[in-house]
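Chains as they are written, first to last, in the UniProt record's numbering: chain A, 1 to 457; chain B, 1 to 339.
Honestly, the hints are just simulated from the structure, not real lab data. Ideal Cβ placement from N, Cα and C applies to all residues, glycine included. Please note that the accuracy of each hint is not assured.
Straight-line Cα separation of at most 20 Å, EDC-like style, residue types lysine to aspartate or glutamate; simulated pairs [claimed, not checked]:
1. B:Lys62 - A:Glu304
2. B:Lys265 - A:Glu71
3. A:Lys251 - B:Glu215
4. B:Lys62 - A:Glu350
5. B:Lys24 - A:Glu71
6. B:Lys228 - B:Asp276
7. B:Lys227 - B:Asp182
8. A:Lys251 - A:Glu285
9. B:Lys62 - A:Asp276
10. A:Lys37 - A:Glu137
11. A:Lys377 - A:Asp410
A short list of chain A residues far from chain B (calculated; beta carbon distances all over 12 Å) [unchecked claim]:
12. Lys64
13. Ala118
14. Glu140
15. His155
16. Ser253
17. Gln255
18. Ser402
19. Met415
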Amino acid sequence: MTINTLAKGGWHRDQMACFRKMEKVIVAMQDPDMGMKMRNQRLLITVIPHAMTGRDVINWLMQKYNMCEEEALHLGGMLVRYGYIYPLKEPRSLVLRADESPYRFQTPYFWTSTRWPATELDYAIYLAKKNIRKQGELMEYEKERYSVLHKRINHTWDFVVMQAREQLRASKQRRKADRIVLECQEQAYWLINRPPPGAYNILDMGLERPNNFSTRVTLNSDYYKREIEFCRRALGRNRVKSSICLEGFVKYSEQYLSHDPIMQGCLPSNPWISDDTAHWTMNTEVVPIPSRLRVERWSFSFMELLNDAMGRREFMTYLEKEFSAENLCFWQACEDIRHGENSRIVEKVEEVYKNFLAPGAARWVNIDSKTMDKTLKGIQHPHRFVMDDAQMHIYFLMKKDSFPRYLKSDLYKNMLAKAIVPQEVKKSVFPFMRRQRHSSPSPAQAVAQASEEEGRA
Amino acid sequence: MRSPPIPEMATQEVQLSETLAHLKTESDTLKGKLEEERAKLHDVELHQVAEKVEGLGQFVMKTRRTLKGHGNKVLCMDWCKDKRRIVSSSQDGKVIVWDAFTTNKEHAVTMPCTWVMACAYAPSGCAVACGGLDNKCSVYPLSLDKNENLAAKKKSVAMHTNYLSACSFTNSDMQILTSSGDGTCALWDVESGQLLQSFHGHAADVLCLDLAPSETGNTFVSGGCDKKANVWDMRSGQCIQSFETHESDINNSSEADREVAIYSKESIIFGVSSVDFSLSGRLLFGGYNDYTINVWDVLKGTRVSILFGHENRVSTLRVSPDGTAFCTGSWDHTLRTWA
Chain A
1 MTINTLAKGG
11 WHRDQMACFR
21 KMEKVIVAMQ
31 DPDMGMKMRN
41 QRLLITVIPH
51 AMTGRDVINW
61 LMQKYNMCEE
71 EALHLGGMLV
81 RYGYIYPLKE
91 PRSLVLRADE
101 SPYRFQTPYF
111 WTSTRWPATE
121 LDYAIYLAKK
131 NIRKQGELME
141 YEKERYSVLH
151 KRINHTWDFV
161 VMQAREQLRA
171 SKQRRKADRI
181 VLECQEQAYW
191 LINRPPPGAY
201 NILDMGLERP
211 NNFSTRVTLN
221 SDYYKREIEF
231 CRRALGRNRV
241 KSSICLEGFV
251 KYSEQYLSHD
261 PIMQGCLPSN
271 PWISDDTAHW
281 TMNTEVVPIP
291 SRLRVERWSF
301 SFMELLNDAM
311 GRREFMTYLE
321 KEFSAENLCF
331 WQACEDIRHG
341 ENSRIVEKVE
351 EVYKNFLAPG
361 AARWVNIDSK
371 TMDKTLKGIQ
381 HPHRFVMDDA
391 QMHIYFLMKK
401 DSFPRYLKSD
411 LYKNMLAKAI
421 VPQEVKKSVF
431 PFMRRQRHSS
441 PSPAQAVAQA
451 SEEEGRA
Chain B
1 MRSPPIPEMA
11 TQEVQLSETL
21 AHLKTESDTL
31 KGKLEEERAK
41 LHDVELHQVA
51 EKVEGLGQFV
61 MKTRRTLKGH
71 GNKVLCMDWC
81 KDKRRIVSSS
91 QDGKVIVWDA
101 FTTNKEHAVT
111 MPCTWVMACA
121 YAPSGCAVAC
131 GGLDNKCSVY
141 PLSLDKNENL
151 AAKKKSVAMH
161 TNYLSACSFT
171 NSDMQILTSS
181 GDGTCALWDV
191 ESGQLLQSFH
201 GHAADVLCLD
211 LAPSETGNTF
221 VSGGCDKKAN
231 VWDMRSGQCI
241 QSFETHESDI
251 NNSSEADREV
261 AIYSKESIIF
271 GVSSVDFSLS
281 GRLLFGGYND
291 YTINVWDVLK
301 GTRVSILFGH
311 ENRVSTLRVS
321 PDGTAFCTGS
331 WDHTLRTWA
């Protein structure tokens, strides 16, 4: 056999790691003490030793990894697909059957990982052997490939035929049982490394990635200077203990538990399960009466309130009562600058200045003088982030002051009180009756209609 | 006869290499210090903190919808904010917009390249972005006119020097974040196609990115073939933090200074291609190369469930915006919604 050349690329590394893990399982399966019990299997008139049934494989995996039958069948199935175990009956069907079907372990010599990728030369020798041994034993697709190879590596064809003849001669000197086993093993190897057309190609790696490490990074002084800069910045940053951070995460997931439909279900029902879209209808962006969970969520954090269109609207109403609505308007206008088109930044910044920052502006916002000075200077050369500091100031003002008071206000408490708690609707009484799945208008449609109306107005 | 080396040049060379060695030492020392600082604060493991949390019971999730229509491997998908529509892209060059609830196909675009590895739905629901081997990210407004060819209105936004691996709209339809096989990420203005910010620092292909919105500004995380996950500040373009981890390429990223927990099991042999958290963050869904989805209890570190159904690798996985379901795309040409 020829020498294998290492394939480049990250996918090779990943694939080899998988092979090694599968091989660990295979070795454990053949362990003299803890491995599987094997026995002789009869194939036509010959007795093949060291074979096992599909059922044996599944039972062993279930026991060793404490897994259910479905998972054992799946894992065992992968071992067959990758050629570590091959079927004795129906060799072309690389499937693990949970019955008395006989299987055998592939010899490490023929593991895909041993000489990967399989070479054209070796394939040619294999096909030549089949051809010589029994004229007409090659299948249609093998005949085609054989002639393609013959053209492509014609210059080494003498070697191919010579090797084929030599290997056939050597095999004739073996016992019949051994010969059959070797033929099975070799056939299994090629069914995986050169699958028949239309058959599943387990070794399909997808797109090969370039992944050139060393050619990209030159370890020169610039590189080290950057690394030093990065480390200095990182060392200067505030850090928290793991316990604080992790406890925060645990609290977060507990707080949101009842809002997590996959964890706790949702009311009236999960549309994907019940085919009923009521849950979505009740929770559209703007509804007459929001659900209780939704209103509760506004109290989790200021960001939650602002992220919900209805929440923002309610908060605006509250601020109007307090004569500080300009804060929220300003914040929204700044968001619009940050996330809007480049081309409209200048005009939007001017608008914001006119409405919120200029002396005597209609909706003047109260920013500290230092921030105001910095912002006014920045406005002379407007850019996307020119309002950041001012926006941040107003954001934290609302968060620390108005937001907590809003949550204690009658406005919020009333909202919470009249919020809906939908009734749970269990699955249909007649489980086989499929509910009609109603389509919904595309978001694009809503926008198109709106702009049509605008056009007409 | 050879002339002797010029003395000044020789000393200059020596000086340069001394400076380089000097820099390397300083860099290594600082890195060591950083590791020390990080280690000092690592006072507890996640599963210890989660000891008092109740364990999870039996978990039943099934395929609720199967979307058939792609002619080759599905590579990427994204949810629309309306919680039921999705966009998916495939090796065959097609990008399809589905109403996953009814399983109807609503739009289809044929890209000029194969291997469309990235796709994203605009926040407004009125456009989709996609790209791949064409090295670009293009935005297609979704027209309702059945006769209109979507490709006619196509807008080329991003240009990289290698394949596009991931893309995502930021907070609006006007800005797009991309990552590429050329080792960089970039932020673009959709309307003009202008590059707003580029992010350099990965030493190899960048494979994925995820946004992390916060009160104080916007950051995002990117993962690459250099085994690093970098956190970036979108405004300055600087890398704020870098995590070196994993035995191989980082295919997917989801937001949390250090590796908090590793989710693995002896019987899991194949790599994971894509991950996402459930709404509360309690569950982590992983799509694997052995065609299964493993569901993990994030706090306890145990595997809660294994889901079967796909007949080839799971290449992409995302939880829906309201957390009612998650969708997977696979090399078996289909997408499935699970709940």
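Here's how the hints hold up against the structure:
Distance check on the hinted pair: lysine 62 of chain B and glutamate 304 of chain A sit about 30 Å apart at the alpha-carbon level, beyond 20 Å; violated. As the CA atoms of lysine 265 of chain B and glutamate 71 of chain A are separated by approximately 13 Å, the hinted pair is consistent with the 20 Å bound. For the suggested pair lysine 251 of chain A and glutamate 215 of chain B, the alpha carbons sit about 19 Å apart, so the restraint of at most 20 Å is met. Between lysine 62 of chain B and glutamate 350 of chain A the alpha-carbon distance is near 54 Å, which puts this suggested pair outside the 20 Å criterion.
For the hint linking lysine 24 of chain B to glutamate 71 of chain A, the alpha-carbon distance of about 50 Å lies beyond 20 Å, and the restraint is violated. With a CA separation close to 18 Å, the supplied pair lysine 228 of chain B and aspartate 276 of chain B stays within the 20 Å bound. At most 20 Å may separate the alpha-carbon atoms for a hinted pair to count; lysine 227 of chain B and aspartate 182 of chain B meet this at roughly 15 Å. For the hint pairing lysine 251 of chain A with glutamate 285 of chain A, the CA-to-CA distance comes to about 27 Å; that exceeds 20 Å, so the pair is violated.
Of the supplied pair hints, the one linking lysine 62 of chain B and aspartate 276 of chain A holds, its CA atoms being roughly 17 Å apart against a limit of 20 Å. With a C-alpha separation of about 35 Å, the suggested pair lysine 37 of chain A and glutamate 137 of chain A falls outside the 20 Å cut-off, and the hint is violated. Between lysine 377 of chain A and aspartate 410 of chain A the CA atoms are separated by roughly 41 Å; this puts the pair beyond 20 Å, and the hint is violated. Distance to chain B contradicts lysine 64 of chain A as a non-interface residue, since its nearest Cβ pair spans about 8 Å, not more than 12 Å.
At roughly 21 Å, the least C-beta separation between alanine 118 of chain A and chain B is larger than 12 Å, which holds for a residue marked as non-interface. Taking the minimum C-beta to C-beta distance to chain B, about 25 Å, the non-interface status of glutamate 140 of chain A holds against the 12 Å cut. Histidine 155 of chain A, annotated as away from the interface, keeps every beta carbon of chain B farther than 12 Å; the closest lies near 34 Å. Look at serine 253 of chain A: its CB is around 5 Å from the nearest CB on chain B, not clear of 12 Å, so calling it non-interface is violated.
For glutamine 255 of chain A, the non-interface assignment is contradicted: its Cβ lies about 8 Å from the closest Cβ of chain B, within the 12 Å cut-off. Listed as outside the interface, serine 402 of chain A is consistent with that label: its C-beta sits roughly 15 Å from the nearest C-beta of chain B, beyond the 12 Å cut-off. For methionine 415 of chain A, the requirement that its beta carbon stay farther than 12 Å from each beta carbon of chain B is met, with the minimum near 20 Å.
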